[in-house]
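**Student:** Each chain, written out:
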Amino acid sequence: MDILTNLLSLLFLPLGTSILIIALGKHRKKYAPIVAFMSAIGALSLSYILLKNLPESVHYSWEWLAFGDSKFYIGILLDNIGATMLAMVSIVALCIVTFSIGYMSDDAAKGRFFAGVAFFMFSMTGIILADNLIMIFLFWELVGFSSYLLIGHYFQKEEAKSASQKAFIVNRIGDFGFLIGIILTYWQFGTTNIELLSIQSGIDPSLMSTFIGFLLICGFIGKSAQFPLHVWLPDAMAGPTPVSALIHAATMVAAGIYLLIRIDFILTSQVLLFIAYSGTFVALFAGFCAFAQDDIKRILAYSTLSQLGYMAAIFGMGYSGIALFHLITHAFFKALLFLGAGAVIHACHHEQSIFKMGGLFKKMPITSITFIIGTLALCGVYGFSGFYSKDSILIAANDYNSTLFYFLVFGAFMTAGYMGRLIWIVFFGKANSEAASSAHEVSAVMTVPLILLSGFAIFVGLNAYWPFGLGASIVSDLDHLHHLSGYKEIHKWVLILGSAAWIVGLGVSLIFYGKGSSEDRLQLKFPKVFAFLKGRLWVDELYQYYVNHIQKPVAEFLSFVDEVILRGIIVRGGAGLVGVLGVGFRLLQVGKINNYVLWFFVGLLLFWLYGIDLF
Amino acid sequence: MMYSHLLFSTIWIPFICGLIFLVSVKDVKTLGARLLGLCGGVLPFVFAWILYFKYDASLLEAYNFELILPTGLESLGIFLHLGLNGISLPLFILSATVGLSAIVYALFSNAERLNLYVGLLFIMFSGLMGTFASVDLFFFYFFHEFALIPTFIMIMIWGGVARHAVALEMTIYLTLGALLSLIGLIALYQQSGAEAFNMIALKDALLEQPISEVLQNNIFALLFFGFGILVSLFPFHTWAPKGYGAAPTGAAMLHAGVLKKFGLYGLLQIAIPFLPAGSEAWGFWLLLLGLGNILVIGLVTLAQKDLKQMIGYSSVMHMGYAFIGLGTFSILGAGGVLLLLVAHGLSVALLFLLSTCIYKRFSTFNMDEMGGLGQIAPNLSAFFALAILASIGLPGFANFWGEFIIFTALGESESTRWVLYLAALGIIISAVYGLRAVGNIVFGVAKESVIQANTASKVGDMNPIEKFSATVLLGSLLLIGVYPKIFSDYSNKTLQNIYSDTSLLLNDEYVGDFKLERDTEYE
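Chains as they are written, first to last, in the numbering used here: chain U, 1 to 615; chain W, 1 to 523.
Chain U with its partners taken away, still in its complex shape (with noise of 0.2 Å):
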């Protein structure tokens, strides 16, 4: 096979999964899990062949559209950091589609969850393959739809009708400046296209402009849910939670990392800066949020977004490797964390707070424990791959600023603190629920998935035995790193206090909350702390505020002007005058539409006769 045809059949393969999916009509809820879950193996094979025999990248275009001089293509772009995505997007994505064969076994609406994914699957592969900024956007608002379609999955419920609006418009939020931004470089530099835009920006640094980063960093604040557009996440966990280990973990979210990464020299210092503070704000803001949560998939999902935020931070400082990195390992340790979830939240018939769980390392050992190994990859315990990323991390922040390397570290220690609180209390202590006591262990369509992830959670960190020299950019910032003045004392410090993170996050936790608690300490001992936290610096409210008091009314406002005022009164009133002048033609006009018909044809007639002459 021909690499071309390899990564059009890779790109299709799961759009027409989809199609067929939805072909199946009323046999989709029987065949549909065994179509998606060939078409993940099938997505995976592909990747390896085309793996196998890719040459350092691999460039293709074809014209799309074009108007006078203006011309938009579409073609395909496959370097390091596309095929280091793709590896683990496939991956991730054939454990996820296993488990959820499992997972959703008893839901009615099989057909649509699996066409949902397998959509995802090729709107996530377009953004990978993109080569220009125009087919990112395209597959980029496709994502979102796919990701709108997957949290209303439960579309009965109000939750899940509030929460993919929310996602999608909160995007689009992100995507007007995106746009905006796109457009904006596509003037300036003449084209969108990712290898021309990097050789432009090094022949002409002066074409670099701040405002057009800003913009165009928009779309990853929406996208990777950054502050302020980080409220779509959390409620996005009213989805089925293969789709929250999936596409609000592992890839989508990731894939706003993955555009700076690809744009990254036409970024200015400016913007970069800007990019590592707030991204340090996320780190520790969403850290923060996870500790007033009581429902398990919530205090992932803040979790995710606290480590969206570190990636966002080191990219900030221009270590976009290690942004990817950490963006890989992530995505493995955290879609375990979230299948893990889905398993626990299975096996407690739908129970989802953790106050409600308790003890169930004993009944479900395999759950158990592959969760404990994605919580220690998170809190980056030394050996688990979660360490590797995040321990370059501190370096080069320690490199970069101090006081973002101690916030950073702080961080690190709020990630053990969260995730301690979690563990301890739902699997160990005992049942504090009907629900959990009666739980048991998952089937094997769903424990494999989890074996195997964790295997990735603890391997993929070491990233030079990656095969096909996958993460080569990776590798350089790495080495980059180890360059450094002084790097030996840097990483024995760094060390020590990484370390000291997780150890005292984890015993701080286990002393405060106890085993298997059935209530929140820290909102019995500290009221006002917890109600702080609970409020997320009350961003939701006042994005509420603003639709509820100030859109609102201006929309009614504005629609009474226009229903009144305009129509009602100068539209009216100017027909009044039209009447009040017309009485003396009431004889011939009488309103009826039957007499302007004949009028017009009389008027026709006129016409005609004027037309040859007679008069």
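Everything labelled a hint here was simulated from the structure, so no lab data went into it.
A few chain U residues facing chain W, derived, Cβ under 8 Å: (1) Leu65; (2) Gly68; (3) Glu141; (4) Leu142; (5) Gly152; (6) Ala160; (7) Lys161; (8) Phe168; (9) Ile169; (10) Ile173; (11) Phe176; (12) Leu179; (13) Glu556; (14) Ser559.
Calculated cross-link-like contacts (lysine-lysine; reagent style BS3-like; alpha-carbon spacing at most 27 Å): (15) W:Lys54 - W:Lys493; (16) W:Lys54 - U:Lys71; (17) U:Lys525 - U:Lys515; (18) U:Lys71 - W:Lys493; (19) U:Lys29 - W:Lys467.
Small disclaimer: the values here were computed from a predicted structure and weren't measured. Where a beta carbon is used, it is the ideal one built from N, C-alpha and C, also for glycine.
With the hints as your guide, set chain W onto chain U.
**Tutor:** Same frame as chain U, but now just chain W:
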């Protein structure tokens, strides 16, 4: 020559069908009547696509498939002069597509006095095909009126609440608009000194002897406001939502989907290329009023609770993009407008169609009283959600390209970038009202009474006719969305031809050149 007659037949076939339905068909539900109706709907559609494949883009100057028939008005320079160019071809196909969908749906509907309904719809359809196939300006206008009159009648007979008042308001408004544009067209003809009242002759005459700037300004104003009223330009839009709210499905589909495009087509094909100085003088107003459509009407749309009104307002809002696209005076902008017109026509017709299907399930248009359509009719829900997403510019559907190209055109010049920043807010506004509608209608749990009513009336999910009509429209939206070249290549050739001949590009140097040339001529 054969294809010219094929073009002509797309006009008279629906007309004859319409006459037969009006005069001699008593019961539409008989096989013969239905077959006749299907022929009348399908043939123009098939012919339109045949013409598409026979279209020769290398004929730069002339129109394709030209047909000139005498009418007895030769002394006025009026002939039945038909033909298609890259601007009219996409709209011609749009009209055939929406016509097919509306007619098939109407044939199998349960309207009272169905023969009259279908007959009028056919007359309207015939007028629409004629409008976009006319090169002659008199017939261009005549066919528009020809399609407009059945609209009024249909609202009067089958309209909803307050149909008489609404029809009257719409009649007065649209007649006024049409009158202004007619005066403009006649003035243009008369001032240009062209030998015949058609687009080709006008263009040649104007190229040879441009008319003075003052005259251009005045004529453009007539055409701008005349055509503008017909396209619901802010603040002359108030007829549109009410009118569509009251209109029966078929009339709303054909009017909002196709007939309304007449005005913008006139601006695109005639007013802007033929009156460069005039359009430049009014350029700011094009942008400003277009922004009014997007922002003001966009917000008004947010406040709507009635589904049909909401679609009506959203259609008014989307016309704003077209006006600002024209306001860029570039080939890119004009191309974007053309794509948007086709896309919007398909999507708004689809939305009106689906809103009727939804009404059948809930017996109300009030969105607050709906909910749980996903439960009652999953397929209809999927179609509706996709239609809404298409209309709010989701990539993969045609509307995306229209909006995107127009936005890009606005970004070209520093002087229009402020419009871009404001107009792009429209993508957020439309997402809010669109998704809110989907949320209120599709999501949630259906009321017990609604479920009972549905089981009693056996409405169920979409029937094959509803599916067919909706698929024709949605499929076309997808086709253009995925492969925009299907129209853009032809349109691009024509636009380059007519827009560059008149040297009308907003690039300051172009305008400068143009003025310079004219000055020398006057000396």
